[in-house]
Amino acid sequence: MIQNNAPALVPLIFLFAGIIIPLAALKLRSSAYFIALGATLASTIVSISNVIFVLDSGPVRYFFGGWPPPIGIEYVLDPLSAFLTAVINGITLIVLIHAGKIVEKEIQEHRRVPYYALVMLFLCGCNGIILTGDFFNLYVFLEISSLALYGMVAVGDKKAPISAFRYLIMGTVGGGFYLLGVGFLYVHTGSLNMADIKEILPVLGTNPVVIVALSLMVLGFGIKMALFPLHGWLPDAYTHAPSASSSIMAPIGVKIGAYGILRILLFVFGIKFVTQVFPIAQILTWFSAAGIIYGSIMAISQDEMKRMLAYSSISQIGYIGLGIGLANPYGIIGAVLHILNHGLMKACLFLVAGNFRMKLGHSNIKNFNDTLRKKMPWTTAAFAAGALAMVGIPPTVGFFSKWYLALGTIENKSWILLAVILLSSLLNAVYFFRIIEKIYFRSPSSKQEEKEHQSRKGTEVAASMLIPTLVLAGALFIFGLLNTIIVKGVLMKVLPPGM
Amino acid sequence: MNMSDIYTSAVPLYAVLVSLAAVPLIILSAKRQNLREFWTIAAGVVKFILVLTLLPGALENRVATVRLFEITPNIQLALKADAVGVFFAIVASGLWILTSIYSIGYMRGLGEHKQTRYFSYFAVCLSSTIGIAFAANLVTFILFYEILTIATYPLVIHKETKEAIYAGRKYLAYTLTGGVFLIAAAAWTYQLNGNLDFVPGGLLQGLALTAGTAVPLFFLFIAGVGVKASIMPLHSWLPTAMAAPTPVSALLHAVAVVKAGVFGIIRVSMFIFGPDIMVQFGLNRILIVFAVITILVGSLLALKQDNLKKRLAYSTIAHLSYIVLGVGIMSSTALIGSLLHIAFHATMKITLFFCAGAIYVHLHKENISELDGIGKTMPWTLGAFTVASIGLAGIPPVNGFISKWYLGAGAADSGQFLLIVVLVVSGILNVAYFSPIVHRSFFRKGQEQETQKEAKPAMVIPLVLTACLSLVFGLFPNLFFSFFRLAAQAVTGIFGGPLP
Amino acid sequence: MLDFFAGHYAYWFILVLLVIGLYGMIFKKNLVKKIIGMSIFQVAIILFFVASASKWNATVPILEHGIQGEALVQYINPLPHTLMLTAIVVGVAINGVAFALIIRIYRRYRTLDENTLLRNMKDDTE
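Protein chains in written order, with the numbering used here: chain X, 880 to 1378; chain A, 253 to 752; chain L, 1179 to 1304.
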């Protein structure tokens, strides 16, 4: 039965693709892109069928090498992991279709083959993190994905290696804290298996060691997910990475950290522990809220579009952290739905930024004006769609994230958090309408500027870039209108037991 | 309580979608002006006919309902054409046809740029306005309300001057903030009740609310819909938004957008909270206080505006609060007055804006101090202007008198005689700020410009028509669209009592 | 109290190492020193795992047939040690990537000092 082995299949597909790409490239260089695309397509299909399978017949546990836990490593396909793998693989598939052309422009030829191998390893890591049921195995995947990501950032523009180095230092600290937390947990419980630890923890009761372990793990993932104030690495990394990397990282990279926190807090330690015994959920909520406001305000003052989107990501990741920290059904639904929604929005917007870079050679907001709309009507329309979604105008996906999170805050009677969510959508409006105003209503201010724009040849980007952008823009509306199907069909089953 | 008879019909959906469907056609025929404008007019006529087919049902308390799909657990994306909704939809869609004809004259007369964009977003605005009218629950309402916010933005900013861009920013800042409050209020209501349907007589009725919940919730709602209804102190976007082309000011900033806000107040007060809860927690008094302040201050501010459109804007602010006042009085008579004022203020104010636009296109004058003697040049336009301003002051036989009469009668019924004084004072103020315009244009001598005669027929005919409508409704309020019966039907559904 | 400190002296040593490592990573201005700090940080964690599994008078975990119950205590838990083999591999990989990155940084900016680097970066507009 393929489905019984399904949990291990997705990471393995990417792992093999990562190995095959350099080998195949010895024969035929251009094959790298297509192998990467094929692997992503295959794993998207597998992970979507996994979602259907899990919803039909319940979670699947796969024991690596046939060793049952707690001795062996297990992979768990439950609704949460199935849904998230489907989300990240699906979004990456669309982004990779777009990436073909822009990688050719931005990355030197001899680096393309390793680049695609790195992308595969990164995805292997991401899927592994989500699917594994073992804390140490998770650490290994976390470092695999991070290492691949450092490389993916470093091939960017001239300043990229410095950004990558900073990211590496921060990322290693994060990974180290997480590993230390795992160590404490292991010393205390004698197990590394999530399901096992979940059973053992209530028996052992509260203990400072457990609290230290939990704090260290959350701190580690907090760095990986760029939770305020641990976000320092993110803006530079997003800005200087090549467009293809930033459009892969932004929608899914930081979400991995969010997933880690969600899994640890609510599924392993349990809601009662994280809200009452040691209120780390509330702490997470307040830091997230601070991040939401900080990210939005910083985004307003950015002139470079990718940098603005990076700060916006810090703000949006706060939504997810806030939803997890609320620790009630609406909050969790909002958070997990926002992982999907923000993935779609950010992917769409980063693809737009990529399209601008492809045609203009820059994505500097100061130089935008309405010739951009005349030359690239579809790309700018996709931008407008993404902007509306970020502001949260119904029926786009952004509105529904906001809606469920607002319901969650009201359920906890956290009025300040409600205000934060709503205020941030207004701040989003400030920095997105600033661009819309320029693209749609600002004529070139000087003759010279006008000439410069006239002289650039070409209009829209190629179809292989435009279609993914538009698909994502359309998805913002479709997933918004059909959110109930996802919420009722999948997310209500994602909730941790006892909700 | 008389139960309404619900039947499934897709007509409300078609009525919403028809102008949306016109958008691609408008864009595709961008190069051929006449064809493009044909689509606008055609969509307007079809929309109006569709809305009218719902009228007989609404009059007999049969409500056409269409449920599409679940948009959030337990909440459907649903439209229903009840009496109040049909009332608002008739006003908005009927006046859209006239505005479209007028727009053609206006835009071509000025040689405006980007007309395709203008007509497309106008169509989107109308779709969402009808959506607001027919929304069966708060989520559907918010959906269209926010789309209306966004679709109006390119129209406000149309001229792309510094002033227009500033107006656009201010407009967005106000309305998006309002939208956010509305979402918060809706989420809170959903948490209280698990349901957001508009129920005549109040969704929350029978729920054990405390003042600690009801009052803040009501304030959230009012902050949400009050921005578009431009209740003071949330009004200041409206005069600024007059930077938009005049047809936009006429239809959107006198009818569709602002009335959507007022309509929201009716939906919230009568269909979410319901009269009982409103009175129990004194929420209606809150409305009355805000309305009275807005009426008086708005009228006073109108006095000192020299820019004609700004004066009209402040007058709109004051008149919108007439409607709010009628809701706050909480009597069936006053609510009838409110509903009638939605329609009647629309016909009168749109006339005034049309006149202002005609004067601007024809003579390039937009300040009142420049209007000396233009009555001779543009007799029809200024005639219509006079009729409408008489109506707004509440003088018979123009329709403004009727709605004001019901408002006053409602106030008297419930013993709030002070409010009658407010209405009278505001009537006097109306006279005070409209009469100088009429006086200047007819009785002062300006520079002789005998060569110039009336503006283009595409502009004059709509404004004369709306002025005539104002007169006709003043004499026969039930003619054509049975406005009075429709309003009475709506009010019966809410208060449950016999017709007054 | 003293017992608590004395009994866990290995852990206090590890904590000191951890802090030294973090200090080096964050406050040292030279990129190579940052990497040294990072290595110390990683080693501290590895030592933590290893120390946690240490046991006096115990033997290698090769299970003889038939031994059960009390006698099992005679063996050392091998799992933390094996885990740390993986962690060491991960650490080596991270160091490798880090050195590769600073080689690229050095080739472009001819410095590894963070302050100079920041200054050079400002001049280096694209």
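Please keep in mind that the hints were generated in silico from the structure rather than gathered at the bench.
Take these hints with a grain of salt, some might be off.
Said to hold, decoys possible - Looking from chain A toward chain X, a few residues come up when the C-beta cut is under 7 Å (computed):
#	residue
1	Glu322
2	Leu395
3	Glu412
4	Val432
5	Pro688
Unchecked claim - Derived BS3-like pairs (lysine-lysine); straight-line CA-CA distance at most 30 Å:
#	chain 1	residue 1	chain 2	residue 2
6	L	Lys1206	X	Lys1253
7	L	Lys1211	X	Lys1037
8	X	Lys1245	A	Lys617
9	A	Lys414	X	Lys1254
10	X	Lys984	L	Lys1207
11	A	Lys562	X	Lys1245
12	A	Lys705	X	Lys1253
13	X	Lys1238	A	Lys562
14	A	Lys366	X	Lys1245
15	X	Lys1317	L	Lys1211
16	X	Lys1317	A	Lys705
17	X	Lys1317	A	Lys366
18	L	Lys1233	X	Lys1038
19	X	Lys1038	L	Lys1211
20	X	Lys1253	A	Lys628
21	X	Lys1238	A	Lys617
22	X	Lys1037	X	Lys980
23	X	Lys1238	L	Lys1206
24	A	Lys366	A	Lys283
25	A	Lys366	X	Lys1254
26	X	Lys1253	A	Lys422
27	L	Lys1207	X	Lys1037
28	A	Lys705	A	Lys422
29	A	Lys414	X	Lys1317
30	X	Lys1245	A	Lys422
31	X	Lys1367	X	Lys1317
32	L	Lys1233	X	Lys1037
33	X	Lys1253	A	Lys414
34	X	Lys1253	A	Lys562
35	A	Lys617	X	Lys1254
36	A	Lys422	X	Lys1317
37	X	Lys1317	A	Lys697
38	A	Lys411	X	Lys1254
39	X	Lys1292	X	Lys984
40	X	Lys1238	A	Lys283
Idealized CB from N, CA, C, for every residue including glycine.
Structure-based check of all given hints:
1. Proximity of glutamate 322 of chain A to chain X holds as hinted, the smallest CB-CB distance being about 4 Å (cut-off 7 Å).
2. Residue-level restraint check for leucine 395 of chain A holds (minimum Cβ-Cβ distance to chain X is 4 Å; threshold 7 Å).
3. This hint holds: glutamate 412 of chain A has a C-beta 5 Å from the nearest C-beta of chain X, less than the 7 Å allowed.
4. Here the hint on valine 432 of chain A is kept, as its CB sits about 4 Å from the closest CB of chain X, short of 7 Å.
5. Checking proline 688 of chain A against chain X: minimum C-beta separation of about 36 Å lies over 7 Å; hint violated.
6. Using a Cα cut-off of 30 Å, the hinted pair lysine 1206 of chain L and lysine 1253 of chain X is violated, with the two alpha carbons roughly 51 Å apart.
7. A distance of roughly 23 Å separates the Cα atoms of lysine 1211 of chain L and lysine 1037 of chain X; the hinted pair therefore holds under the 30 Å criterion.
8. Proposed proximity of lysine 1245 of chain X and lysine 617 of chain A is contradicted: the alpha carbons are some 37 Å apart, above 30 Å.
9. Our distance criterion of 30 Å between C-alpha atoms is met by lysine 414 of chain A and lysine 1254 of chain X, whose separation comes to about 24 Å.
10. Among the hinted pairs, lysine 984 of chain X with lysine 1207 of chain L is inconsistent with the structure: their alpha-carbon atoms are about 35 Å apart, more than 30 Å.
11. The hinted pair formed by lysine 562 of chain A and lysine 1245 of chain X fails the criterion: a straight-line CA distance of about 34 Å is larger than 30 Å.
12. As the CA atoms of lysine 705 of chain A and lysine 1253 of chain X are separated by approximately 40 Å, the hinted pair breaks the 30 Å bound.
13. Proximity of lysine 1238 of chain X to lysine 562 of chain A is assessed by CA-CA distance (about 44 Å); at most 30 Å being required, the pair is judged violated.
14. For the proposed pair lysine 366 of chain A and lysine 1245 of chain X, the alpha carbon gap of about 24 Å is at most 30 Å, so the pair holds.
15. Under the criterion of a C-alpha separation no larger than 30 Å, the hint pairing lysine 1317 of chain X with lysine 1211 of chain L is inconsistent with the structure, at around 46 Å.
16. A C-alpha spacing of about 41 Å is found between lysine 1317 of chain X and lysine 705 of chain A, which places the hinted pair above 30 Å, so the restraint is violated.
17. Of the pairs offered as hints, the one joining lysine 1317 of chain X and lysine 366 of chain A holds, with about 16 Å between alpha carbons and a cut-off of 30 Å not exceeded.
18. Restraint check for lysine 1233 of chain L and lysine 1038 of chain X: the C-alpha separation of about 49 Å exceeds 30 Å, so the hint is violated.
19. A C-alpha spacing of about 20 Å is found between lysine 1038 of chain X and lysine 1211 of chain L, which places the hinted pair at or below 30 Å, so the restraint holds.
20. For the suggested pair lysine 1253 of chain X and lysine 628 of chain A, the alpha carbons sit about 46 Å apart, so the restraint of at most 30 Å is broken.
21. Distance hint between lysine 1238 of chain X and lysine 617 of chain A is unfulfilled; the C-alpha atoms sit about 45 Å from each other, more than 30 Å.
22. In summary, the hint linking lysine 1037 of chain X to lysine 980 of chain X is supported, as the alpha carbons are separated by about 20 Å, within the 30 Å threshold.
23. For the hint pairing lysine 1238 of chain X with lysine 1206 of chain L, the CA-to-CA distance comes to about 41 Å; that exceeds 30 Å, so the pair is violated.
24. Distance restraint check for lysine 366 of chain A and lysine 283 of chain A: the Cα-Cα separation of roughly 11 Å lies within the 30 Å cut-off, and the hinted pair is therefore satisfied.
25. For the suggested pair lysine 366 of chain A and lysine 1254 of chain X, the alpha carbons sit about 16 Å apart, so the restraint of at most 30 Å is met.
26. Of the supplied pair hints, the one linking lysine 1253 of chain X and lysine 422 of chain A holds, its CA atoms being roughly 26 Å apart against a limit of 30 Å.
27. Taking the CA atoms of lysine 1207 of chain L and lysine 1037 of chain X, the gap is near 21 Å; set against the 30 Å cutoff, the hint holds.
28. For the hint pairing lysine 705 of chain A with lysine 422 of chain A, the CA-to-CA distance comes to about 38 Å; that exceeds 30 Å, so the pair is violated.
29. At roughly 12 Å between alpha-carbon atoms, lysine 414 of chain A and lysine 1317 of chain X fall within 30 Å of each other, so this suggested pair holds.
30. Annotation: proposed proximity of lysine 1245 of chain X to lysine 422 of chain A holds, straight-line Cα distance about 21 Å (limit 30 Å).
31. With a C-alpha separation of about 40 Å, the suggested pairing of lysine 1367 of chain X with lysine 1317 of chain X is violated against the 30 Å cut-off.
32. Proximity of lysine 1233 of chain L to lysine 1037 of chain X is assessed by CA-CA distance (about 52 Å); at most 30 Å being required, the pair is judged violated.
33. Under the criterion of a C-alpha separation no larger than 30 Å, the hint pairing lysine 1253 of chain X with lysine 414 of chain A is consistent with the structure, at around 21 Å.
34. Taken as a hint, the lysine 1253 of chain X and lysine 562 of chain A pair is broken in the structure, with Cα atoms around 34 Å apart against an allowance of 30 Å.
35. Our distance criterion of 30 Å between C-alpha atoms is broken by lysine 617 of chain A and lysine 1254 of chain X, whose separation comes to about 37 Å.
36. As the CA atoms of lysine 422 of chain A and lysine 1317 of chain X are separated by approximately 16 Å, the hinted pair is consistent with the 30 Å bound.
37. Taking the CA atoms of lysine 1317 of chain X and lysine 697 of chain A, the gap is about 46 Å. The hint is violated against a cut of 30 Å.
38. At roughly 21 Å between alpha-carbon atoms, lysine 411 of chain A and lysine 1254 of chain X fall within 30 Å of each other, so this suggested pair holds.
39. Distance restraint check for lysine 1292 of chain X and lysine 984 of chain X: the Cα-Cα separation of roughly 51 Å exceeds the 30 Å cut-off, and the hinted pair is therefore not satisfied.
40. Taking the CA atoms of lysine 1238 of chain X and lysine 283 of chain A, the gap is near 27 Å; set against the 30 Å cutoff, the hint holds.
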